[in-house]
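Undergrad: Based on the provided sequences and hints, a complete structural model is requested.
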Amino acid sequence: MHPREGWTEDRRELVTRRGFLRQSAGAGLLLGGAGSLLAACGEAGTAGTSGSASGVLPLPRPGNPVTWPIHKGNHAIKSGLAPETGATLKVYNWVAYINQAVVNSFAKKYNCKVQVSTFNTMDEALAKIHSGQVSFDVFMGVTIDVLGPLIAQKFIQPLNHSYLPNITQAWPDFQNPFYDGKWRYTVPYTIYTTGMSWRKDHVPENPYRMTNPWAMPWQPKYKGKVAILDDYRESISLGLMKNGVFNLNTTSASQIQASGQALQNLASLTNVQINNNDYTQIPAGQVWIHHAWSGDMAAAESYMPKGVPVEVVGYWFPPDGKGPVGNDLNTVLRTAANPVLAHLFLNYLLDAHNALNNISWNGYMQPLNEITPQRLVKEQILPPSLMSTAVLPSFFRRGVMELQIPLTTNLLWHQAWQAASKGV
Amino acid sequence: MAVRALTTRGDKQRRLFWACLAAPGIIWLTLLFIVPFYTVLAIAAGRLNELFGTPIAVWNPLHWSAANLQAAWREISGSSAFLGPIILRTLFYTAAAAILCLVIGYPAAYFVARFGGRRKALFLVLLIAPFWISYMMRMLAWVDLLQTNGYVNQALLNLHLIGHPIGWLSGQSVTVILGLVYGYIPYLILVLYAGLDRIDPALIEAGRDLGLNRAQAFRRVTLPLSRQPIMTAMLITVLPMLGDYFTNQLMSGATNTSMIGNVINQQLSTPLFQGVGAVLSVMMLLVLIIPMIWYVIATNRTTRDAA
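Chains as they are written, first to last, in numbering that gives the first Met the number 0: chain A, 0 to 423; chain B, 0 to 306.
Treat the hints as calculated values from the structure; they're not laboratory data.
For clarity, every value in this text was computed on a predicted model and none was experimentally measured.
Any given hint could be a false lead.
[To be verified] DEER-style ranges, computed between Cβ atoms: (1) B:Ser78 to A:Met209: 27 to 37 Å; (2) B:Asp199 to A:Val133: 57 to 67 Å; (3) B:Trp58 to A:Asn205: 29 to 39 Å; (4) A:Pro383 to B:Ile132: 40 to 50 Å; (5) A:Val307 to B:Ser172: 22 to 32 Å; (6) A:Arg208 to B:Pro129: 22 to 32 Å; (7) A:Asn264 to B:Leu99: 49 to 59 Å; (8) B:Arg219 to A:Asn264: 48 to 58 Å; (9) A:Val133 to B:Leu285: 52 to 62 Å.
The beta-carbon is built from N, C-alpha and C at its ideal position, and this holds for glycine as well.
TA: Listed below in structure tokens is the structure:
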């Protein structure tokens with residue numbers, strides 16, 4: 000069972016942590032409050048540097064960074080405050096996306112209680128936060144796509160950097176990321192790539208030697224043994240890259256349709272399965288080629304059947320780093336009852352020692368300077384044969400990212416995916 | 000006069016009593032059916048928040064829009080339509096599973112009703128036993144059994160019935176149909192049992208006395224008297240099967256076995272498509288109402304004939 004999402008009885012049904020946003024593209028939290036959002040953007044002094052294709056919110060891009068404004072009535076906490084005493088820090092996170100041992104050690108260090116509540120989809124999380132029925136301090140695993148609306152609706156508070164000295168341990172890119180200039184509202188949590196996983200003992204083709212490895216699933220001889228991710232952004236992106244298009248935020252209707260068509264062809268060629276069980280299906284040999292997330296495959300060893308070495312599992316990501324890269328963020332909610340502890344918790348997770356402890360259970364890398372592929376192997380967290388699942392700082396710069404797209408484009412992506420996935 | 004007044008008052012009190020007794024159920028139904036159904040209608044005929052792509056329910060029917068209906072229709076019959084084969088597949092899977100349920104379930108229910116004797120209660124408990132475990136857990140058990148290296152493949156390999164493991168979970172129609180049969184057959188058996196148990200054995204004995212052999216008695220007495228229970232059982236089985244998405248998702252997860260329930264489920268979990276998903280849900284409901292109406296008419300006719 001995968002350490003991150005295996006805690007429900009329904010392993011096959013579960014929507015993954017990242018699947019949520021691909022499904023909602025940041026729409027979920029926006030159950031209302033359009034007026035407040037517009038008003039908020041009206042105040043934006045520094046946002047809006049990137050032309051907003053949606054007409055309202057800026058769309059952060061690596062070449063078009065956004066520094067979100069500090070809104071009236073939503074300021075960072077003051078410096079030098081003592082941590083709340085006798086408090087219960089309330090953390091809201093994806094199912095099984097943090098090592099309980101790390102949570103416990105934080106609680107011990109700061110003499111507090113920590114209560115972790117979980118969600119399965121971002122829609123669920125955002126709807127709860129929007130309803131105001133819950134009062135959490137820390138909101139973990141936030142993806143870049145929803146960041147703008149979260150800030151505009153004042154759901155998360157600006158961070159006071161004086162409580163977060165461990166940010167210096169993060170890769171330099173995350174100390175002024177394009178999606179949150181001056182890291183005003185977020186600190187990084189995990190980083191991952193999307194690539195191709197395969198069973199070397201069943202599939203002789205090596206993607207590292209293929210002309211177009213993104214086309215690896217399109218092989219009829221592996222009918223019934225091929226799967227792609229159940230995630231409209233990831234899978235339409237796969238079709239795009241198979242077709243040679245590497246703008247994963249494309250607004251071109253013809254490119255999107257061609258990608259959808261490629262996926263439909265894949266379905267007729269291979270009876271492709273659509274799920275996010277890459278971490279169990281490849282180790283178990285149920286599927287031989289799976290479009291996969293690096294963090295999932297890093298945990299493959301835990302799922303290998305008895306007697307099958309983890310070396311039979313391969314994970315390919317373009318060695319030059321030109322493939323899908325994503326990262327999740329940690330934030331403090333504006334209504335946090337324990338904002339100081341919340342800051343300290345974020346800081347605690349940015350410490351390399353704690354991060355290693357977390358990764359050993361979670362599988363997903365954290366973008367910290369001391370967390371190198373070599374160290375993960377040395378600490379026996381990552382098998383040497385799966386070094387390719389490790390993410391390097393250069394990947395973040397050279398990789399292609401699936402970011403927030405305009406609503407009309409999002410509709411096209413969804414339509415292409417619906418026709419290809421047929422509801423599965 | 001006084002007696003009549005007392006009787007009238009007594010009738011009124013009785014009516015009031017029964018109305019009060021029915022009230023919680025009626026309120027419950029109102030809250031859990033009518034209100035949610037109207038909400039679905041309001042979303043189906045509602046608008047889209049153009050800023051964020053979330054559905055906006057429109058409560059006033061005077062302001063309802065047909066945009067979602069048109070979008071849903073394009074998925075059924077437009078140039079980019081993809082629902083046609085899925086609808087046909089759903090009908091085929093449901094019909095095949097329902098027939099299999101009947102073929103397997105009728106003898107079981109008949110046996111318990113006619114020959115259960117003192118062990119009837121035990122048989123009934125055994126029939127209800129699957130309900131003690133959740134549907135999802137039962138399906139997950141099958142997922143384990145049907146895996147490439149699962150017991151089913153191992154048994155077939157050991158018996159030399161197959162040369163290599165079968166990918167039961169890799170988009171096989173037969174797996175989905177059998178999954179549906181397994182999931183819904185207890186409902187069919189229980190309903191059939193309830194109906195068959197009520198058949199007066201004297202009627203069958205009368206048939207035998209009039210010279211029918213066992214098979215003839217079954218065909219000419221038991222089977223006609225089973226028509227009503229069969230209709231009820233089929234209805235109770237077929238309706239949820241038509242909207243099922245979970246079985247396919249667990250037992251296949253491939254596009255070539257997807258059912259209409261999968262499409263609706265996906266649309267309802269995608270904010271941009273929730274309006275269209277709501278339209279498809281309403282369409283589905285309207286289609287499902289047809290066999291319900293037929294059932295009510297048939298039941299009334301049978302009751303009338305019996306009277």
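Undergrad: When the structure is checked against the list of hints, which entries are broken? Sort them ascending.
TA: 3, 6, 7, 9
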